[in-house]
Amino acid sequence: GAVVSQHPSRVICKSGTSVKIECRSLDFQATTMFWYRQFPKQSLMLMATSNEGSKATYEQGVEKDKFLINHASLTLSTLTVTSAHPEDSSFYICSARGQGFGYEQYFGPGTRLTVT
Amino acid sequence: QKEVEQNSGPLSVPEGAIASLNCTYSDRGSQSFFWYRQYSGKSPELIMFIYSNGDKEDGRFTAQLNKASQYVSLLIRDSQPSDSATYLCAVHPGGNTGKLIFGQGTTLQVKP
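Sequences listed follow chains A and B, in order.
Read in my numbering, the first sequence has 103 at position 103, and its numbers run on one by one without any break.
Read in my numbering, the second sequence has 1040 at position 40, and its numbers run on one by one without any break.
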């Protein structure tokens, strides 16, 4: 149980274009979803927290107009990287906290974004 | 600032030995503690959580919590080369956001 999927697993896009990443909780309802970014050999960096039906809460230094987060249902959250630049190339990982669970987060498999 | 500290390692142990991974946290009000394993190029995977002082065992893994010392550890018995990964300690410091504070991770190498 507690499976989270992400799509796509890998994406290459050109500079200036937008990319949408989907995160789904497959066998539970997620009250809260989290979006992280991880650069090579570095730790996880929390970008934002989203609750179903509410606006996302962004961490300090994360541009909310660049990283658009939508949490439309209890099983789906999306992250759109707008006007991507090469420095946005990274490993983007979502996680979900289940309704009725404790504070543990279950991670999706991640999306590797390369901006050329 | 709430912090979670881990020795980055690498921690190298021979196959079959006990690996001991340690983590300290700064927020004395923290109540929930988690260990994640992350293989290179993959996302983190939850392996243990612990809420109460003492030990919690699950197979070859034992999590230990000492709230008075603000210390949580993970023991891996009979270490296998497949245990080689980065182990992340995470702490929920309280509040309603559900955010976890992650340590930098300890890289474990199990040598055959």
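There may be inaccurate statements among the hints.
What the hints assert, rightly or not - Calculated lysine-lysine pairs in the DSSO-like style (CA-CA distance at most 30 Å, straight line): (1) K1002/B - K1099/B; (2) K1067/B - K64/A; (3) K1056/B - K20/A; (4) K1056/B - K55/A; (5) K55/A - K66/A; (6) K41/A - K1042/B.
By construction, these hints were calculated from the structure, which means they are not laboratory data.
The hints, checked one at a time:
This hinted pair checks out: K1002/B and K1099/B have alpha carbons roughly 12 Å apart, not beyond 30 Å. In summary, the hint linking K1067/B to K64/A is not supported, as the alpha carbons are separated by about 37 Å, beyond the 30 Å threshold. Simply put, K1056/B and K20/A have alpha-carbon atoms about 40 Å apart, too far for the 30 Å limit, and the pair is violated. For the given pair, K1056/B sits about 37 Å from K55/A by alpha-carbon distance, which is inconsistent with the 30 Å threshold.
At most 30 Å may separate the alpha-carbon atoms for a hinted pair to count; K55/A and K66/A meet this at roughly 15 Å. At most 30 Å may separate the alpha-carbon atoms for a hinted pair to count; K41/A and K1042/B meet this at roughly 12 Å.
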